[in-house]
Amino acid sequence: MAWKEVLAEPGSKVIMLGNVAIARGALEYGVSYASAYPGTPSTEITEALSYAARMLGAPYVEWSSNEKVALEGAIGAALTGIPAMASMKHVGVNVAADPLFSVGYMGVPGALVVVSADDPGMWSSQNEQDNRWYGVHAYIPVVEPAGAQEAKEAIIEAFKLSEKWEHPVIFRSTTRIGHTRVPVEVGEINMEGIRRRGKFKKNIDRYTLVPAHARKLREELVDKWEKISEHLSEHPLNWVEGDGDVLVVGVGLGYRYAKEAVKRLGLEGEVKILKISTPVPLPKKLLLKHAERASKILFVEEGDPVVETLSKSLFYDEGLHVRVYGKERGPIKRTGELNLANVTEALARVVGLDYARPPAAKVEISLPPRPPVLCAGCPYRAVFYALRRAAGKARVRPVYNGDIGCYSLGVNPPFQMQDTIVEMGGSIGLANGISHVVDGDQVPIAIIGDSTFFHAGLPGLANAVYNRSPMLIVVLDNRTTAMTGHQPHPGVGVTASGQPGVELDIAQAARGLGVDYVKVIDAFNIKEGEKEFYEALRYVKEKRRPALVVARGACILLAIANARRQGVKYTVYRVNLDKCTACGLCYRAFNCPAIYAGDDGKARIDPILCTGCGECAQICPFDAFEPVDEVSEEWLKIMRTAKPI
Amino acid sequence: MERRVLNLVLVGVGGQGIVSLANVIANAALENGTNVLVAETHGLSQRGGSVIVHVRLGEAEAPLIPEGEGDIMIALDPLEAARYAHYLRLGAWIFMERKVTPPPLPGIKVPAMEEVKNALERAGFKVNVIPAISEASRLGNPLGANVYMLGAAMSSGIFDGFLTVESVERAIRRVLKKPEKNIMLLHAALKAVSSR
Ligand SMILES: Cc1ncc(C[n+]2csc(CCOP(=O)(O)OP(=O)(O)O)c2C)c(N)n1
Ligand code: SF4
Numbered sequence: 001m002a003w004k005e006v007l008a009e010p011g012s013k014v015i016m017l018g019n020v021a022i023a024r025g026a027l028e029y030g031v032s033y034a035s036a037y038p039g040t041p042s043t044e045i046t047e048a049l050s051y052a053a054r055m056l057g058a059p060y061v062e063w064s065s066n067e068k069v070a071l072e073g074a075i076g077a078a079l080t081g082i083p084a085m086a087s088m089k090h091v092g093v094n095v096a097a098d099p100l101f102s103v104g105y106m107g108v109p110g111a112l113v114v115v116s117a118d119d120p121g122m123w124s125s126q127n128e129q130d131n132r133w134y135g136v137h138a139y140i141p142v143v144e145p146a147g148a149q150e151a152k153e154a155i156i157e158a159f160k161l162s163e164k165w166e167h168p169v170i171f172r173s174t175t176r177i178g179h180t181r182v183p184v185e186v187g188e189i190n191m192e193g194i195r196r197r198g199k200f201k202k203n204i205d206r207y208t209l210v211p212a213h214a215r216k217l218r219e220e221l222v223d224k225w226e227k228i229s230e231h232l233s234e235h236p237l238n239w240v241e242g243d244g245d246v247l248v249v250g251v252g253l254g255y256r257y258a259k260e261a262v263k264r265l266g267l268e269g270e271v272k273i274l275k276i277s278t279p280v281p282l283p284k285k286l287l288l289k290h291a292e293r294a295s296k297i298l299f300v301e302e303g304d305p306v307v308e309t310l311s312k313s314l315f316y317d318e319g320l321h322v323r324v325y326g327k328e329r330g331p332i333k334r335t336g337e338l339n340l341a342n343v344t345e346a347l348a349r350v351v352g353l354d355y356a357r358p359p360a361a362k363v364e365i366s367l368p369p370r371p372p373v374l375c376a377g378c379p380y381r382a383v384f385y386a387l388r389r390a391a392g393k394a395r396v397r398p399v400y401n402g403d404i405g406c407y408s409l410g411v412n413p414p415f416q417m418q419d420t421i422v423e424m425g426g427s428i429g430l431a432n433g434i435s436h437v438v439d440g441d442q443v444p445i446a447i448i449g450d451s452t453f454f455h456a457g458l459p460g461l462a463n464a465v466y467n468r469s470p471m472l473i474v475v476l477d478n479r480t481t482a483m484t485g486h487q488p489h490p491g492v493g494v495t496a497s498g499q500p501g502v503e504l505d506i507a508q509a510a511r512g513l514g515v516d517y518v519k520v521i522d523a524f525n526i527k528e529g530e531k532e533f534y535e536a537l538r539y540v541k542e543k544r545r546p547a548l549v550v551a552r553g554a555c556i557l558l559a560i561a562n563a564r565r566q567g568v569k570y571t572v573y574r575v576n577l578d579k580c581t582a583c584g585l586c587y588r589a590f591n592c593p594a595i596y597a598g599d600d601g602k603a604r605i606d607p608i609l610c611t612g613c614g615e616c617a618q619i620c621p622f623d624a625f626e627p628v629d630e631v632s633e634e635w636l637k638i639m640r641t642a643k644p645i
Numbered sequence: 001m002e003r004r005v006l007n008l009v010l011v012g013v014g015g016q017g018i019v020s021l022a023n024v025i026a027n028a029a030l031e032n033g034t035n036v037l038v039a040e041t042h043g044l045s046q047r048g049g050s051v052i053v054h055v056r057l058g059e060a061e062a063p064l065i066p067e068g069e070g071d072i073m074i075a076l077d078p079l080e081a082a083r084y085a086h087y088l089r090l091g092a093w094i095f096m097e098r099k100v101t102p103p104p105l106p107g108i109k110v111p112a113m114e115e116v117k118n119a120l121e122r123a124g125f126k127v128n129v130i131p132a133i134s135e136a137s138r139l140g141n142p143l144g145a146n147v148y149m150l151g152a153a154m155s156s157g158i159f160d161g162f163l164t165v166e167s168v169e170r171a172i173r174r175v176l177k178k179p180e181k182n183i184m185l186l187h188a189a190l191k192a193v194s195s196r
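Line order of the protein sequences matches chains V and D. For the first sequence, my numbering gives the first residue as 1, with consecutive numbering after it. For the second sequence, my numbering gives the first residue as 1, with consecutive numbering after it.
Calculated from the structure, these hints are not laboratory results. Worth double-checking, as some hints may not be accurate.
Below, computed lysine-lysine pairings styled on BS3-like, alpha-carbon distance capped at 27 Å [what the hints assert, rightly or not]:
(1) D:Lys-177 with V:Lys-569
(2) V:Lys-362 with D:Lys-178
(3) D:Lys-177 with V:Lys-362
(4) V:Lys-579 with V:Lys-602
(5) D:Lys-178 with V:Lys-13
(6) V:Lys-216 with V:Lys-160
(7) D:Lys-177 with V:Lys-13
(8) V:Lys-289 with V:Lys-312
(9) V:Lys-224 with V:Lys-199
(10) V:Lys-362 with D:Lys-181
(11) V:Lys-569 with D:Lys-181
All figures in this text were calculated on a predicted structure; none of them were measured in a lab.
All chains, please: the whole structure from these sequences, using the hints.
As structure tokens, this is what we get:
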């Protein structure tokens, strides 16, 4: 199992992913409740915790239906006096922002840590937001580890801080913290802690945020904030190294870049490094103490210039005139991830040294791009193919309102069937608006995954029914949250700790919300898909109301994993070269990665990549694709019913 | 001067085992008492996309290798070698797989291995072409091209002082399935490449 390191022997040193180290730290502290919604780069924290829960019987771990629900659950648990955490990617915090902005007012008698995994560089996200601003905005302290090397210790400190102040804490990770593997020395897991049960004690003045209570709590909050800032000036995760009139403030992972840049320029001991892992609220005393003695200050932080901006305001208030370098006015690049060469250059400029980047080679060759693509055997390929043909036949000009999931890959050729992608649930949301302002032949088609449907699709759908929005909603029910690594969700009825849950039925949910036209189709059956999409589009055009089609077919990776476990074999397909006419439909318009063109232009199948889905056999006009062995009925069934293991 | 940091760039295509190779190297470093940082690409890149993993051995602090400062590259695909070669210092060795895995996109032009090799050499790199995929298959472990490639790269001696063959063997036993088959591949590569 990929997560077994999370339970490594106390006292041992093991290689761990930063996210696994975060999970281990939470267990060592004794977290009793952990909720989350998957999202890169946060997912492995909860994967590792659910592994621990399966093996140890505790703590309580859940995949929630979305981030708001995850945070609300964790707040509830913390109100019963136990340590709780909610983990999510940076944009997930936007979904959870409503409770987040108020939980600081009431505080928590247990401990509450909200893990926000930010993604500078946007390796797998739609934006580059820096969630430390949430801490500033919502009066919630932020702990930010100095790299994966410090992740385990820092999460423990985040819990301790929350416990001490009975106040929520944001733990801000980033891609290069969560997804960096380092040696980690592990301690004892707090078994008593992870098994702790809570008890809710009434405290109406605090836990009911009616205006009269909130006003009082707001006064307390502002007061507490200053006290926390004082406390953080003495915090063990913040320290000073070296001495000199140039001060380099290394925040979180920025500290590692600062430290290495100092080494590279041979300045060890000659400049002062102030390492800060508690950026919010600003540890004012600590900063002032060192800023007052500095002639120049360089801020190195991942993301926005948060500490830099807050510090400048502090310096102004204190009448301190000192030259500040960083991201607001350079020389550190404001967008993307920190870069060691850029930080070295910046430091050299501040101290007045010459530094030239090593020459970068120019390789003169034109390379084809290699974007991620839908897997060979992905049910979505069949759905996109059928949907496009149906839209053509129904004579509609579709607006494909896409969403976030593997199907976002439909943005690439040959399909290019994602005209908009904003955020989770945005497909139905945007289609609502479009549907009311365009004319008859333009029809919005919202394409939404099953996990996304439960996450944020339901309110949009209620709106579509209520306001009679003429749109087609295609729910891609692949039995999992695939893009983030196959987590279960409410539609599959397995919980994070591997227990049976209740399986919610998407079609029934839609009917319950009042959608009159609901169909469930086999995603792998292209002919059926084409016919059903055609009819649904006609309905939308004629009745001017929403129609919803659930295309059900398991993510092929999940199907293969299920088949392996059950000992079911599938046959791969091959090309009958006597039948193939080299028309190219399969490798151009259908574009399965397992199919390629031979030198004669005829199709070939790579048997290693082929997953035996049988989609190609349905689209070839010449029946050139044939199974190598007999097609197993059991496999066909697994392709339609597999669940996360 | 003794090298204090070794920057290793691992590239390939999602599914080729780049991340698990990085895990072997990280565990070997731990076995050997060498500090290590491995920055991985997750998420989207798993769907057959291009993958780069930064491995920093020794006294490194920051997780990412700056452009122009990689000391060696292991590439399980020639196109990916060219895509990320700007991470390497001039004169660095590239241990490059012979077989090109074409991206599954309609209507694209895919350069041949020789073209890539020539372009990389013209740009100032030393290229060692290794038939790791076919050798691993021939030796009965088609998924072992990653380990074969590590063996080939180790024969260059650049890992001396950072990793030993024994530490890699122990790491393979710790983290890979079918460890004996992989260790056999490691040795086959060491032998094949050093005797050339
Ligand atoms: C608010 C928010 N939370 C989490 C994510 C991370 N995320 C990206 S794709 C995805 C999976 C969506 O699952 P589903 O709709 O079932 O599509 P699939 O990947 O299975 O095709 C998630 C959770 C996100 N982008 N935004
Ligand atoms: S992981 Fe599953 S859903 Fe995603 S592209 Fe592959 S087969 Fe499709």
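Here's how the hints hold up against the structure:
no. : hint                     : verdict
1   : D:Lys-177 with V:Lys-569 : holds (21 Å)
2   : V:Lys-362 with D:Lys-178 : violated (40 Å)
3   : D:Lys-177 with V:Lys-362 : violated (39 Å)
4   : V:Lys-579 with V:Lys-602 : holds (10 Å)
5   : D:Lys-178 with V:Lys-13  : holds (24 Å)
6   : V:Lys-216 with V:Lys-160 : holds (26 Å)
7   : D:Lys-177 with V:Lys-13  : holds (21 Å)
8   : V:Lys-289 with V:Lys-312 : holds (14 Å)
9   : V:Lys-224 with V:Lys-199 : holds (25 Å)
10  : V:Lys-362 with D:Lys-181 : violated (39 Å)
11  : V:Lys-569 with D:Lys-181 : holds (24 Å)
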